[in-house]
Amino acid sequence: MSNKAPKVVIELKVNGEEHDILVPPHLTLLEALREKLELTGTKEGCGEGVCGSCTVLMDGRPVRSCLTLAVEAVGHEITTIEGLAGPEGLHRLQDSFVRHGAIQCGFCTPGMILTAKALLDEIPRPGEQEAREAIAANICRCTGYTKIVEAIVAAGGDDDA
Amino acid sequence: MMPDYKHIGRSVPRVDSRARATGEVKFSGDLIFPRMLVGKVLRSPHAHARILNIDTSRAERLRGVKTVVTGRDTAGVKWGVFPYTRDMQMLQIDKARYIGDEVAAVAAVDEDTALEALRLIDVDYEILPGVFTIDEALADDAPLVHEDYPGNRNVEVNIDVGDVDEALEKSHLVRTDTFIAPEDDYFMGEPYAVVVRPDTDGNLEIWCPNAGPHMKSKPLSNVLRLPLNKVKVRKVAIGGAFGGRSEISPADFICSLMALKSGRPVKIVYTREENTTCVRQGHGMVTKHITGMDRDGRVTARSSISYLDGGAYSSTGPIAVSVPFLCHEQTYRLDNARFHGVRVYTNKPVRGMIRIHGRSFAAGVDMQLDMMAEELGLDPVEVRLINARRPGEYTATKSYVGSCGLTECVEKTVERSDFKKKHGKLPPYRGIGLGMNSVQTGFPLGIRGGSQAIIKFNEDGGVTIISGVVDNGQGNDNMLVQIAAEELGLEMTDIELITADTEVTPNDPGSYSMVTTFAGGNAVRLAAADAKRQIFEVAAEKLEANPADLIAADRKVFVKGSPDRGLPLAKVLRMALIQGRPILGQGSFSPKVDHRREWVSNPQGQLSEAFSFGATVCEVDVDPETGLVEVLDVWAAQDCGFAINPMVVEGQFEGSVAMGGQGGMLTEFHSWNDGRCLNTTQLEYKVPLAVDMPPIDPIIVETIDPSGPYGAKEAGMSVAMSAAQAYACAIANAIGCWIKEFPITPDKIVEAIEHKKRGDFDSNG
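Protein sequence lines, in the order shown, are assigned to chains A and B. Oh and the first sequence: position 65 is 62 in this note's numbering, straight run, nothing missing. Oh and the second sequence: position 33 is 16 in this note's numbering, straight run, nothing missing.
Errors might be hidden in some of the hints.
[Claimed, not checked] Okay, derived cross-link-like pairs now, PhoX-like style, lysine-lysine, Cα gap no bigger than 25 Å in a straight line:
no., chain 1, residue 1, chain 2, residue 2
1, B, Lys731, B, Lys669
2, B, Lys9, B, Lys218
3, B, Lys201, B, Lys61
4, B, Lys731, B, Lys408
5, B, Lys9, A, Lys33
6, A, Lys10, B, Lys9
[Stated by the list, open to error] Counterexamples of contact, computed for chain B against chain A with all Cβ distances above 12 Å:
no., residue
7, Val(-5)
8, Arg1
9, Thr5
10, Pro66
11, Asn258
12, Ala356
13, Gln457
14, Arg516
15, Ala528
16, Asn529
17, Gln569
18, Asn585
19, Gln665
20, Lys731
It is worth saying that the hints were derived from the structure and are not from the lab. These figures come from a predicted structure and were not determined experimentally. All residues carry an ideal CB built from backbone N, CA and C; glycine is no exception.
Produce the entire structure from the sequences given, and follow the hints as far as they go.
Written out as structure tokens, the structure is:
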């Protein structure tokens, strides 16, 4: 046990709440969210930054939480899928995913929705190709992506999305 | 005319989607229990090795390690899907048969400790020579993967109908072609995970991805030697299956064993690599089709020989060998048919059923039909239609086909794609192709073939459905709610579900033989009808009406034609309670199949009560310099009987095109260095991305099957299969030569085009 680096206390700001947690320095942000904060909406699909299931927003930008160390997230605002819905209900992207049948098994959904949120924050009314390119690094094995792309475009497109 | 349905036949959002959109839904790996341990499995690094000794003492002494298990801790029971295929221990005792085979496991307080403990387990192996290809396994002096299976021949299926030899002799044209496809894989979103919580009374609660909880609990009770009611497989969200969650996993057993031994909850979460190599893969397969045809394009006979690389254990072997042929005999009329299928053991990961199972067989059939049509100067669509299955016929192995919309599927895809105007008339390196397929709606599953459901009414008129149906992500839960709401005249929000929990929910065949809507949907429909009958009996007395004249709608019971002569449902339920007649509906549905049918010993008789049919057309543009294929458009049609939720059915079609066509025919295959899989993650194994996918026109064809719930059958898998076939034929049409090794990757295309330019492309090769 002596070769292990000592644990450190860090402050993570997640979904607007601050948390002090004790972590080994090699702990990933994904592990910190899931195991220390029990925010299990963020998924591990591959653990090597390929599938996009673990995507969270760091200061509004999508990052792979499996490739990000928890200590790197200190001082940044982290948003997970649990932080998206507000007191008034689902975020319009979540609602659009539900209504367009864009969710099958739902394992990729949190990462997909957060990636889409970063897109909508940058390009409020994305076209189909922009939506496709934005989620090009988020793998979905169930849907063939058609309804996901429709849901993203609709969420950006008009008021009743 | 279609009845006026309120809930079914409509594209309503799935009841389970909101929890999936918020991250609230729990997959197995998300579960957290007090004092839960982390389990890790030590796997064989050798493809074939005798286990001489395992020393776990150093691991056991490590601080934080709570339990270590090896084969010595087991009862040594071998598992197999069939009594004659019991060849797999969950922790190996004598030898390891593939890289990844389970040898030992630890449960510790955290992952770092568990991983460190694995490194402290000393295993002495005697490395044995292995077999890594079908040819190696079948060689005369090949090492044996299992000593009791001579020649490494695991399962053999023989079907011989009519007089194939005579029909081939009399045929106008006979072609012999061999089609090859290596292993493919599921890459479901969720890597395998299992959590087991024990209690002091010897109960085990188990959460894991599954394609049928009852298909997990019974084998687990067998290998653990525990009564079935102590092995409680609980409902949990499941991140995709595609055929890869059908059996118990060694992880289920190992996790249970460590939970029992430690007395604490244990969680095992597979890495992506483990999910690829240690769950299941698709079979590698070689198929030779010898097909005879008359002058008009009618197939006179077909003899097919398939060899499947099954990996180290039997898994669903007898089913896996048979299904490629069976899909084909359903799709095409065939009086003279012969099939010889052999599943071979190799020292590679275990192979099971997959959504495009037998792609070399299926794509081979359609590609060869195109070849023969070309030789005879016939239209490929006409050749397909002249041979296409029609309703009211029997398959070669004597399954009656009731509803069948195959011709309509072909006609619609051909019409919408303008196939006839395009085929043979497109610019160079543009092509169009057609594929056709048919899939079962259930298999003969013996005592596990039927589904039962219970519908419990609460005093306020709300309902709880209790059903064994499992949802792997395809929308089965919502299907049950739509059906119950329709039958009972309720809103979907009035209905809650208890499903897929072996302690509470009755028997169900599971979702892997495409039977859930057919069996589980029918059971819920019948349970609702039973509840409604009881409600009408109570209401009829008060309304002074005949129960047969009552209907339920809008949360009310009233006399047909007199909406003002009615009672609120909640009132009827309270009346029923006062009378001591609480409303509890029961339904049971077992598909009518021939239970004497057996995959190996008796492959004839009714296989499935209903069959789905699909046709896909695909148009491609090939870059002759790079060999890259751009898919311009896909038209996918399926006779799913009746679309209970068209939006969900379309989603199945679209996902099927992605897995079957785009991935299955263009990019997806495993590569090997002997027994070592070289592409275990999505980094090297190329599944389709959003930017890869073409526009898809999903075409729902409804034939209203007489036995399906409201006419519904299977939805999606016929598209996955026919899409693979359409892609293969479209590429051949674009480049003017037939590539018979799948998937059709750019290197093969460039090579074929070069050979064609030099004039030495051998289409008979």
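Hint check results:
Annotation: proposed proximity of Lys731/B to Lys669/B holds, straight-line Cα distance about 16 Å (limit 25 Å). Distance hint between Lys9/B and Lys218/B is fulfilled; the C-alpha atoms sit about 10 Å from each other, no more than 25 Å. Distance restraint check for Lys201/B and Lys61/B: the Cα-Cα separation of roughly 14 Å lies within the 25 Å cut-off, and the hinted pair is therefore satisfied. With a C-alpha separation of about 24 Å, the suggested pair Lys731/B and Lys408/B falls inside the 25 Å cut-off, and the hint holds.
Taken as a hint, the Lys9/B and Lys33/A pair is honoured in the structure, with Cα atoms around 17 Å apart against an allowance of 25 Å. Distance check on the hinted pair: Lys10/A and Lys9/B sit about 23 Å apart at the alpha-carbon level, within 25 Å; holds. Listed as outside the interface, Val(-5)/B is inconsistent with that label: its C-beta sits roughly 9 Å from the nearest C-beta of chain A, within the 12 Å cut-off. Non-interface call for Arg1/B relative to chain A: violated, since the shortest CB-CB distance, roughly 6 Å, does not exceed 12 Å.
For Thr5/B, the condition that its CB be more than 12 Å from all CB atoms of chain A is violated, with the nearest at approximately 5 Å. Separation of Pro66/B from chain A is adequate, the least Cβ-Cβ distance of about 33 Å exceeding the 12 Å criterion. A beta-carbon of chain A is positioned within 12 Å of the beta-carbon of Asn258/B; the least distance is around 9 Å. With a closest Cβ-Cβ approach of about 30 Å to chain A, Ala356/B is found to remain outside the 12 Å limit, as its non-interface label requires.
The beta carbon of Gln457/B is not kept farther than 12 Å from every beta carbon of chain A, the shortest such distance being approximately 6 Å. Annotated as non-interface, Arg516/B keeps its C-beta farther than 12 Å from every C-beta of chain A; the closest such distance is 34 Å. At roughly 40 Å, the least C-beta separation between Ala528/B and chain A is larger than 12 Å, which holds for a residue marked as non-interface. Asn529/B, annotated as away from the interface, keeps every beta carbon of chain A farther than 12 Å; the closest lies near 42 Å.
Consistency note on Gln569/B: stated as away from chain A, and its beta-carbon is indeed over 12 Å from all of that chain's, at 30 Å minimum. At roughly 36 Å, the least C-beta separation between Asn585/B and chain A is larger than 12 Å, which holds for a residue marked as non-interface. For Gln665/B, the shortest C-beta to C-beta distance to chain A comes to about 5 Å, within the 12 Å cut-off, and the non-interface label is violated. Here Lys731/B stays apart from chain A, with its beta-carbon at least about 24 Å from theirs, past the 12 Å limit.
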